[in-house]
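Trainee: Residue numbers (the UniProt record's numbering), protein chains in the order written: chain A, 1 to 417; chain B, 1 to 417.
Any given hint might turn out to be false.
[As the list claims (entries may be wrong)] SDA-like cross-link-like pairs, simulated, lysine to any residue; straight-line CA separation at most 25 Å:
1. A/Lys270 to B/Glu173
2. A/Lys329 to B/Gly141
3. B/Lys336 to B/Leu117
4. A/Lys144 to B/Val41
5. A/Lys23 to B/Arg332
6. A/Lys23 to B/Glu256
7. B/Lys304 to A/Glu294
8. A/Lys375 to A/Glu409
9. A/Lys144 to B/Lys23
10. B/Lys23 to A/Leu337
11. B/Lys144 to A/Asn20
12. A/Lys169 to B/Ser273
13. A/Lys329 to A/Tyr112
14. A/Lys270 to B/Thr230
15. B/Lys169 to B/Glu281
16. A/Lys23 to B/Lys304
17. B/Lys346 to B/Glu173
18. B/Lys144 to A/Asn320
19. A/Lys329 to B/Gly75
20. A/Lys304 to B/Glu145
21. A/Lys144 to B/Glu145
22. A/Lys23 to B/Pro330
23. A/Lys226 to A/Gln185
24. B/Lys92 to B/Arg332
25. A/Lys144 to B/Glu17
26. A/Lys25 to B/Thr118
27. A/Lys404 to A/Arg233
28. B/Lys304 to A/Asp290
29. A/Lys25 to B/Met147
30. B/Lys148 to A/Gly141
31. B/Lys329 to B/Leu116
32. B/Lys270 to A/Ile415
33. B/Lys23 to A/Asp290
Simulated from the structure, these hints should not be mistaken for laboratory data. Predicted, not measured: the structure shown is a model, and the values here were computed from it.
Residue strings, one per chain:
2 protein chains.
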Amino acid sequence: MNIALLGFGTIGSGVYELINLNKGKFSGNFTDMESRKASPVITKVLERDTTKDLGDTVGKIVTHPSEILEDESIGLVIALMGGMDFEYEMIKECLKAGKHVVTANKAVISEYFEELLTLAEENGVVLRYEASVGGGIPIIGSLKEEMKINRVTEIKGILNGTTNFILSKMTEEGADFGETLALAQSIGFAEADPTADVEGYDVSRKLSILSSMAYESIIRDEDVYKRGITDVRAADIEMIGSMGYVVKYLGHSILEHKNVYTTVEPVLFKEASIMSNVNSEFNIISITGDIIGELQFYGKGAGKDATANAVVGDVLYILNIVKEQNYPKPLRLNRKLNKIGTDIFKGKYYLRANLDDKEMLDTVLTAVETVAARKTVIVNDNQVYVVTSVIAANDFNTMAEKLKETVPELFYARIYE
Amino acid sequence: MNIALLGFGTIGSGVYELINLNKGKFSGNFTDMESRKASPVITKVLERDTTKDLGDTVGKIVTHPSEILEDESIGLVIALMGGMDFEYEMIKECLKAGKHVVTANKAVISEYFEELLTLAEENGVVLRYEASVGGGIPIIGSLKEEMKINRVTEIKGILNGTTNFILSKMTEEGADFGETLALAQSIGFAEADPTADVEGYDVSRKLSILSSMAYESIIRDEDVYKRGITDVRAADIEMIGSMGYVVKYLGHSILEHKNVYTTVEPVLFKEASIMSNVNSEFNIISITGDIIGELQFYGKGAGKDATANAVVGDVLYILNIVKEQNYPKPLRLNRKLNKIGTDIFKGKYYLRANLDDKEMLDTVLTAVETVAARKTVIVNDNQVYVVTSVIAANDFNTMAEKLKETVPELFYARIYE
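Pulled out of the complex, with its shape left as it was, chain A reads as follows (with noise of 0.2 Å):
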């Protein structure tokens, strides 16, 4: 079976090398189904940008979707082109025209999950996704293992490489968050317009495929809490340090009778946890069961190797069951839940103000008064720090959005129990 490769950026250029180059053990794999079938190999690449150097390793550059839409030759499609409108109407017509899809896109994949995966049942090939979440962590499929003998009720996990460096960054030197934000950029850790992964939508996106495929039902992106984490300050970072807290940034989803309960957000661990010491472009995921209770998988969250492991993986998979036309039972996610918000979350909340004057502080304690009894107020130069007692997440949110309307050098974050 040929397959064809959308787009060549670092990550095409990863899957290239495994499955052409024979970098890495996946040859010797290939070699073994030779007295099967012929060995499959990429034959097309569909890269538009042809300024870019694709070195004369990469066999042949075609620019027109058509080029691979009607080879009959082509039976699998890696979808590695990125953004959403384009590599959504290749994905589609890849399925319709009977061809097996792996893709890395978490955009398409969390918005059309649902109509993509019928479309690939409608036609008869598989469609996989694994490097979609978690670069290299293997999520998806193990996922969909346990939930054979699971009912899996809570995903929680630090699923985005580029902010987890930036947050390890700034924790490590004490600094603030646009100084570390252009360093990620200067080193090609973050984008140039870097609102996906700091305002999680990155993290949003991931925890829907997540959350979809556990819970059986779709959860849409829309349906998350998201809160950023442009407001972190090195003077956060100094007293959290204090307080013995590391914050992260965290996509978390719960499931309890029909209701299912969202929320990214950065969220202080204790120095003294796992979730504290997963560091730089590492990422961690947790599933809770009912038999096999929590599972934890922790890996590179980004990067060439790591995610083309994964897509590769995904066509191994495909290449295997191909054969036997056995395909795996489709996921259900039709199941109906509510999508009821941040409920479920509680914690106490750590909150630093930037004062202008006296009245400010008055403004900033009388506002979580009135949602928390305080625990611990700090004054400090023009600075104020509180934390507070136990509180619903949705209240603390509620008063410190209103808040930040007069008091708007802000940062909050709920320290986890």
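Keeping the supplied structure of chain A fixed, place chain B upon it in accordance with the hints.
Mentor: Showing chain B alone in chain A's frame:
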């Protein structure tokens, strides 16, 4: 396909509940299969202890192996008796009789790994053993998956729930080994004879299974350097804690060129690390591949439900592939590798010795100085604590074992870097 269960102990009853009593989502999977074949069920249970309360839910109890071996309706046998000789014989006979086998028995698998895999292949059946390592952690399957693409070069982890419970409890309470072992025994977390757990045989067997698979060469239990945790005292916990470390019981193997290095020993990890925060009966297993980098898997290393989950996962796997007779590529275990002890491991060492007199202090310090520079020495009542510069594990271990002949009250551990 009918299933027989060997042994109705803790895990056995957990498996019975999942398969026959429809606990969890397992029955849902079976409903889906019913259209294609008869729904699988445990029809016979071999349990030689007839005084045991088996409940009125258990189907047919049999006491003689032939009732299972000669029953043509039984296609799959779940071997959960524990122990060595009888379970080994039963697994062998079942494979020879053309029955698939699922087991959790790490002793049998690590001792007869190659023989049993060969026997399965020769008889056209499948042998699965996910629950033999890491309880509910899906490590065997994940390792096999990653090996399709990666050369795995390192495995390390906290692989024993009993000793991790004991060390976690000692750390939490500042308690001694003896009293904590007694506590663990009283609540069923340690066996009456705890030797296999606290002297490292259990970890060594699990490490030998994972290492044999990963390095494609039989690593025998006997090839693994082992040192127990029985010498840890409350005084060590206190000193190690004040230094910012936590003691953990680590199994670790590395493949470098054609050499395999293995060790099972107490190791000190920084308080702020992932390993230090794996507590109680939880286990963690790290594997490193040349493409994927490091992956870590965390979950319950023991317990009825989690282990039964892993066993039933194997059962589902076999039921799924049996129809197509599309058996996975057999493991290769015949690479020629040198098993050369602990030569590759190095680090600073912590040592505590109880002193009878001033002369003994000189003995200890002189002995340490023969192999390493002393970095820190604390003498406190009748104890000395030493932290060394970085040295080879072999050198320190040899020195310390010799020192124990004259200074019997001694504990030492490498500081993980």
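Trainee: Any hints this thing doesn't respect? Which numbers, in order?
Mentor: Hints 14, 16 and 17 are the ones this structure does not satisfy, whereas the remaining hints hold.
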